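Position chain B relative to chain A; hints supplied.
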Amino acid sequence: MIMPYVLFIMVMVIILFASNIIMSFTTEDGAFTLNNYTRVFQDELVYKSLKNTGVWVLGSVAGQFFMGMLVALLLNQVKKGELLFRSVILILPWATLDIVAGVMWKWMYNDMYGVLNEVLMQIGIIDQYISWLATPDMAMLAVIIANIWKGFCLTGMFLLAGLQTIPQQLYEAAEIDGANAVKRFWHITIPQLKPVLLTTLMLGTIWTINYFPLIYTMTGGGPSHGTETVVTYIYRLSFRFMEYNKSAALSNILFIIILGISMIFLRQISKDGDTA
Amino acid sequence: MKRSLRRKYTKLFVYFLLSALSIIIAFPFVWLTITAFKSYPDIYAYPIKYLPTEATLEHFDKISSMQFGVYFRNSIIVGFGTMILSILIALFPAYAFSRYRFRGKGALLITVLFLQMFPQVVFLVPMFKFLGAVGWLDTYWGIIFSYLPFTTPISIVFLRSFFIGVPKSLEEAAMIDGCSRMKAFIKVIFPVTLPGIAAVGIYAFLFSWQELMYSMSILLSKDRQTVPVFLSLFIGQYQTRWGPLFAGSVLSTLPPLIIFMILQRYFISGLVSGAVKE
Chain A
1 MIMPYVLFIM
11 VMVIILFASN
21 IIMSFTTEDG
31 AFTLNNYTRV
41 FQDELVYKSL
51 KNTGVWVLGS
61 VAGQFFMGML
71 VALLLNQVKK
81 GELLFRSVIL
91 ILPWATLDIV
101 AGVMWKWMYN
111 DMYGVLNEVL
121 MQIGIIDQYI
131 SWLATPDMAM
141 LAVIIANIWK
151 GFCLTGMFLL
161 AGLQTIPQQL
171 YEAAEIDGAN
181 AVKRFWHITI
191 PQLKPVLLTT
201 LMLGTIWTIN
211 YFPLIYTMTG
221 GGPSHGTETV
231 VTYIYRLSFR
241 FMEYNKSAAL
251 SNILFIIILG
261 ISMIFLRQIS
271 KDGDTA
Chain B
1 MKRSLRRKYT
11 KLFVYFLLSA
21 LSIIIAFPFV
31 WLTITAFKSY
41 PDIYAYPIKY
51 LPTEATLEHF
61 DKISSMQFGV
71 YFRNSIIVGF
81 GTMILSILIA
91 LFPAYAFSRY
101 RFRGKGALLI
111 TVLFLQMFPQ
121 VVFLVPMFKF
131 LGAVGWLDTY
141 WGIIFSYLPF
151 TTPISIVFLR
161 SFFIGVPKSL
171 EEAAMIDGCS
181 RMKAFIKVIF
191 PVTLPGIAAV
201 GIYAFLFSWQ
211 ELMYSMSILL
221 SKDRQTVPVF
231 LSLFIGQYQT
241 RWGPLFAGSV
251 LSTLPPLIIF
261 MILQRYFISG
271 LVSGAVKE
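Protein chains in written order, with this note's numbering: chain A, 1 to 276; chain B, 1 to 278.
Rather than coming from a laboratory, the hints here were simulated on the basis of the structure.
Just so we're clear, the structure is a prediction, and the values are computed from it rather than from any experiment.
One should not assume that every hint holds.
[Stated by the list, open to error] Simulated crosslink set (SDA-like; lysine to any residue; CA at most 20 Å straight-line):
#, chain 1, residue 1, chain 2, residue 2
1, B, LYS129, A, PHE239
2, B, LYS129, B, PHE145
3, B, LYS129, A, PHE25
[To be verified] Estimated spans, in silico, between C-beta atoms of each pair:
#, chain 1, residue 1, chain 2, residue 2, range
4, A, LYS271, B, VAL14, 34 to 40 Å
5, A, ASP29, B, VAL192, 55 to 61 Å
6, A, LEU266, B, MET66, 45 to 51 Å
7, A, ASP137, B, ARG3, 44 to 50 Å
8, B, TYR15, A, LEU141, 27 to 33 Å
9, B, SER39, A, THR27, 54 to 60 Å
10, B, PHE27, A, TYR47, 34 to 40 Å
11, A, GLU118, B, ILE84, 43 to 49 Å
12, B, SER180, A, LYS271, 40 to 46 Å
Idealized CB from N, CA, C, for every residue including glycine.
Just chain A, same shape as in the assembly:
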């Protein structure tokens, strides 16, 4: 009964992997070479894009976790109007198409006509218009903020589901013992939530490393490669510069990095599973 699927997945995996590996070790004429890898390691843009990917992932995942936790804790408190709040907070950003989210934020960030500068001026947070997407550092901050908006909902959903499995008695007992809200959060919520936290953190990290459309539509990797991540660079290598072989080599390196990160998380998750 499972044969069709097994065959399908086998064939796909073998074809995709094999051709990627072969491509990374061959020249355009098909002769064997290590040249693609040496060229990747000599390319300064590769290092820059690795560093950018690090900033992009750390910023996005930290922000998504903070927002997701806040929203999950709040939504866990309410019964009335839950559906409305869920629809707006957890569904709307998620249902927005990637490319739409990208252009929407790009327009809000516009330095002349963007609403963000206007609103921040009115509130008094800034005293002159900022050109958000014009300098590398600000552009990185801008795409990270947009990504937090787009991605915190999924984190929030996972955490909310995790919160709802924590037995209420634990909190009641702690309250009788005189633990305040902050103490209850650190000593009950966090430890109880740990398996969900780790799984969500792993998925969030992997998805963010791989997430491409937002950066592509907002900045295209610019200005001066300030928001160029490994994934946008792989894309440009293949489809702008037609450097398929070099791009295959870089893809394989990225794959090994992601595999390493997943292994670290999976080991931690299974270790917790054993002791629990």
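Chain B only, in chain A's frame:
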């Protein structure tokens, strides 16, 4: 008395925070929608005009004259194709994972999960070459085929958790009454897990609905391209045509938004049990 009063204030504070967050989070999308109905002088007004002087449909007219309908139709075809094939491919393996014990079950499940971890971009070039070799470049089949490795693994994981939730006694009872396992599956299990199947279907549909990278690389001719590609036409390196871009954005976000709001209960529970439960 004092404690219940404090509780009441906490509740009020929670609702206040949630409302404030809702406004902040909904704002970008509301702004997008308002802008789609503004004329160009209003869009480029300085200082900013929050509301249009007069709501206009000119941008919607513009995109319909640019064949937005054709792109929309293509997206629907590719979306439904991806949805139906993903469900068909995932249904039986998911059932098998939830019911049978067999050698290599764990390894297979891990393969399924790992495949989900791969960056889509890693497979783009091999997929592109493969589709070129079999002559499926620039076809609906080709693009649907290229989405399946990404939609089926997660579909299997979701569906498996739904099947686990269905008591074995249900189909055993049916089999004692003389049904074959296949018949028991169709008559008993399938109807119970329909919400889960719907959730997986929506996931696959949305995946293809918003996918841009593969679609703009594999579909080359205009009459087969999908909505995200249409939207990307308005984004230039130096100039972006915001009016039609936003009109198209609003229209293309409506279908997923409506489906989500209607089915969110199933979808969230399906997603969550698939990801959190083992």
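Status of the hints after comparison with the structure:
1. Simply put, LYS129 of chain B and PHE239 of chain A have alpha-carbon atoms about 13 Å apart, close enough for the 20 Å limit, and the pair holds.
2. At roughly 13 Å between alpha-carbon atoms, LYS129 of chain B and PHE145 of chain B fall within 20 Å of each other, so this suggested pair holds.
3. The suggested pairing of LYS129 of chain B with PHE25 of chain A holds, with an alpha-carbon distance near 16 Å, which does not exceed 20 Å.
4. Distance hint for LYS271 of chain A and VAL14 of chain B: a CB-CB separation of about 36 Å, consistent with the stated range 34 to 40 Å.
5. Remark: the range hint 55 to 61 Å for ASP29 of chain A to VAL192 of chain B is upheld by a beta-carbon distance near 57 Å.
6. Against the hinted window of 45 to 51 Å, the Cβ-Cβ separation of LEU266 of chain A and MET66 of chain B comes to about 48 Å, which satisfies the hint.
7. Take ASP137 of chain A and ARG3 of chain B: their Cβ atoms lie about 49 Å apart, and the range 44 to 50 Å holds.
8. The hinted window of 27 to 33 Å between TYR15 of chain B and LEU141 of chain A holds, with their beta carbons roughly 31 Å apart.
9. For the pair SER39 of chain B and THR27 of chain A, the beta carbons lie near 55 Å from each other, so the given range of 54 to 60 Å is met.
10. At roughly 38 Å, the beta-carbon separation of PHE27 of chain B and TYR47 of chain A lies within the given 34 to 40 Å, and the hint holds.
11. Between GLU118 of chain A and ILE84 of chain B the beta carbon distance is about 46 Å. The supplied range of 43 to 49 Å therefore holds.
12. Under the hint 40 to 46 Å, the C-beta atoms of SER180 of chain B and LYS271 of chain A, about 44 Å apart, fit the expected range.
The earlier numbered hints are all upheld by this structure, with none contradicted.
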